[in-house]
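Please model the complete structure; the sequences and the hints are all you need to start from.
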Amino acid sequence: MTNPLLAEWQTPFEIAPFDRIKDEDFAPALEEALAAHRAEIAAIAESSASPSFANVIEALEAAGKALDRVLGVFFTVAGADSNPAREALQRDFSPKLAAHYSEISANKALFARVAAVWVARETLDLTDEQNRVLMLTHRGFVRSGAALSGPEEARMKEIKGRLATLGTQFTQNLLADEREWFMTLSEADLDGLPGFVVDAARAAGAEKGLGGPVVTLSRSLIVPFLQFSPRRDLRERAYRAWVARGANGSDTDNRAIAAEILRLREERARLLGYDSFAQYKLETEMAREPARVRDLLLQVWDPARARAEADAQVLTAMMHADGVNGDLEPWDWHFYAEKRRKADHDLDEAALKPFLQLDRMIEAAFACANRLFGLEFRPLNVPLYHADCRAWEVIRNGQHVAVFIGDYFARGSKRSGAWCSAMRSQARFPQVQAPVVINVCNFAKGDPALLSYDDARTLFHEFGHALHQMLSDVTYESISGTSVARDFVELPSQLYEHWLEVPEVLREFATHAETGEPMPQAMLEKVLGAANFDQGFQTVEYVSSALVDLAFHDGPAPVDPMEKQAEVLAALGMPHAIGMRHATPHFAHVFAGDGYSSGYYSYMWSEVMDADAFAAFEEAGGAFDPERAEALERHILSTGGSREAEELYLAFRGRLPGVEALLKGRGLIAA
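Position 405 of the sequence shown, counting from 1, maps to 405 under UniProt numbering, and the rest follow consecutively.
No lab work stands behind these hints: they were computed from the structure. One thing to keep in mind: the hints can contain errors.
Stated by the list, open to error - Below, a list of computed lysine-lysine pairs in the BS3-like style, where the Cα atoms sit at most 27 Å apart: (1) K526 x K664; (2) K157 x K96; (3) K157 x K65.
Said to hold, decoys possible - So the derived label-pair ranges between C-beta atoms look like this: (4) A566 x R155: 37 to 43 Å; (5) P556 x N370: 21 to 27 Å; (6) L650 x N370: 46 to 52 Å; (7) L650 x W419: 26 to 32 Å; (8) S50 x F75: 36 to 42 Å; (9) P230 x A531: 22 to 28 Å; (10) A206 x D253: 46 to 52 Å; (11) P448 x H400: 29 to 35 Å; (12) L210 x P12: 24 to 30 Å.
All residues carry an ideal CB built from backbone N, CA and C; glycine is no exception.
Shown next, in the form of structure tokens:
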């Protein structure tokens with residue numbers, strides 16, 4: 001029988017036939033796809049024809065399509081619906097894939113042909129997009145170590161393989177810790193918790209096959225528990241488990257893994273002639289160099305820390321008024337911040353949540369995309385990898401644009417966090433292909449499912465990434481969609497969050513789950529008025545994580561990352577009652593792969609632009625100004641990585657922004 005992963009997909013829009021794919025199909029499909037890709041690479045490298053853009057660069061773009069399909073399916077299910085078989089496959093696949101791509105980048109004959117095209121580029125009459133793809137291909141080979149030889153080449157291959165294994169192990173350790181820990185709650189322990197938290201705890205207990213409510217390490221459950229539980233002892237227990245992920249001293253401890261990853265990254269950078277991994281990594285980003293990143297983060301740190309320290313004094317006074325003496329602790333912050341929000345803004349999360357139904361927020365995200373870009377979303381009835389998933393066909397002017405899949409609910413088989421990925425990216429070469437895009441979130445299940453305001457913002461954020469994929473309009477897949485500088489990739493997602501805060505959007509889509517009534521004007525004003533509430537805390541926990549990430553990579557690798565983390569935080573004067581958003585043992589952005597290593601600052605770099613970019617709409621005809629929307633699509637959302645990020649932003653806005661827009665947007669300095 002033909003392996004369904006390798007057969008032609010006779011499905012609507014060639015979506016993967018998830019109902020026919022079994023775990024045992026992945027390994028043989030991977031081996032066959034790897035062999036096919038090797039043969040394609042060999043044919044390019046060993047060709048006797050004179051090197052040309054078509055027979056080298058375009059041939060590389062066309063190669064590996066079977067492998068892309070297999071991996072697109074596998075990594076989708078491995079991240080969002082894992083099981084022991086898939087975890088074992090991932091441990092097996094990671095070093096194989098690292099070796100495969102190392103073999104390609106180390107292929108001297110292939111690199112010689114790429115280099116020959118690069119040298120002849122001025123004589124080839126290439127389009128701007130072709131020149132960009134050629135530059136990125138050549139640069140990618142050089143940065144992968146193609147110019148190395150002898151022992152250095154062999155060592156680079158070893159390093160890449162080991163890093164792939166360690167990244168997978170880090171991820172699986174974290175998933176295991178998140179999956180295994182839970183805290184059972186008695187009926188008495190539920191006192192003081194709003195209904196939506198009680199419902200989420202009962203649903204989590206049912207998902208684990210238990211008879212009663214539990215708190216798990218899903219952010220959508222543990223954060224509201226910390227916000228609302230009056231039981232300080234239970235809050236402390238939950239918080240300590242949350243921050244101990246990856247650092248439990250067991251087989252799933254990630255601390256030694258993080259140390260080895262940092263050592264190997266430093267060695268990799270030095271083999272390529274860089275003084276540090278941060279120098280190597282940032283060379284291709286908008287920031288270019290570590291000093292510019294540190295400068296941005298420190299400009300934000302001081303006002304954020306000052307705000308957080310002032311807030312801590314207020315919260316400490318509230319705690320003492322409750323008869324709890326001593327210092328404000330990290331497990332107290334959410335609880336007293338929620339009390340303060342209710343007092344200062346008369347805004348109660350428990351009263352707000354019924355107005356933020358998941359289905360209505362999905363409708364809101366879709367409706368904004370319709371008004372801005374003319375996109376329509378039609379439900380698709382197709383087999384997907386989990387019963388929680390749903391799919392839509394995206395069309396514009398009657399033409400198919402993309403398939404969008406949403407996987408919104410938390411479960412034990414899904415890694416934490418939220419992300420967007422493309423099972424297939426947009427391209428016009430070697431054939432026209434429309435994207436298949438997935439948003440994965442970890443919202444608490446309910447009937448109906450209700451979101452916090454932060455959850456709703458996350459939904460809009462990930463959908464902004466999806467729009468970047470869906471509206472891509474380039475020729476070559478290697479520069480499609482979100483294939484842009486890491487510190488530019490968050491611009492579309494963070495920019496799209498602003499539309500959640502447009503009053504007319506909330507008036508239409510924030511309707512009560514039971515009565516159907518729209519959010520009262522007074523509540524809407526409170527929601528928008530509290531938009532910057534607790535920004536000192538949120539900014540401090542983020543910036544501290546970004547500065548630790550930078551310190552890990554900008555210089556010699558630390559012998560003990562935990563000691564280095566403590567050193568950085570002490571030098572910053574980290575407030576006692578605030579923890580890093582991602583401490584080292586569970587900092588998956590940085591250690592699960594190279595994606596955000598030396599790059600966690602990217603969210604803030606992009607935020608400098610997103611505040612300024614949304615101001616362009618406000619300065620024009622408002623949030624749905626058609627000319628600004630067209631410019632956003634033309635210069636940013638449709639262009640992928642076809643031009644330098646700075647050039648794209650200048651084309652949209654006419655200038656680059658300063659950090660003041662971010663500080664004002666977060667309410668850290670006066671508007």
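Here's how the hints hold up against the structure:
Our distance criterion of 27 Å between C-alpha atoms is met by K526 and K664, whose separation comes to about 19 Å. Using a Cα cut-off of 27 Å, the hinted pair K157 and K96 holds, with the two alpha carbons roughly 11 Å apart. A distance of roughly 24 Å separates the Cα atoms of K157 and K65; the hinted pair therefore holds under the 27 Å criterion. For A566 and R155, the Cβ-Cβ distance of about 32 Å falls outside the hinted range of 37 to 43 Å, so the restraint is violated.
Checked against the hint of 21 to 27 Å, the C-beta distance between P556 and N370 comes to roughly 52 Å, which is inconsistent with it. The supplied range of 46 to 52 Å is broken by L650 and N370, whose beta-carbon atoms lie about 28 Å from each other. The hint said 26 to 32 Å for the Cβ distance between L650 and W419, and at roughly 29 Å that hint holds. Checked against the given bound of 36 to 42 Å, the beta carbons of S50 and F75, roughly 37 Å apart, stay inside it.
The beta-carbon spacing between P230 and A531, approximately 27 Å, falls within the hinted interval of 22 to 28 Å. Judged by the Cβ atoms, the range 46 to 52 Å given for A206 and D253 is violated: they are separated by roughly 30 Å. For P448 and H400, the Cβ-Cβ distance of about 30 Å falls inside the hinted range of 29 to 35 Å, so the restraint holds. Roughly 39 Å separates the CB atoms of L210 and P12, a value that falls outside the hinted 24 to 30 Å.
In this structure, the hints that do not hold are numbers 4, 5, 6, 10 and 12, in rising order.
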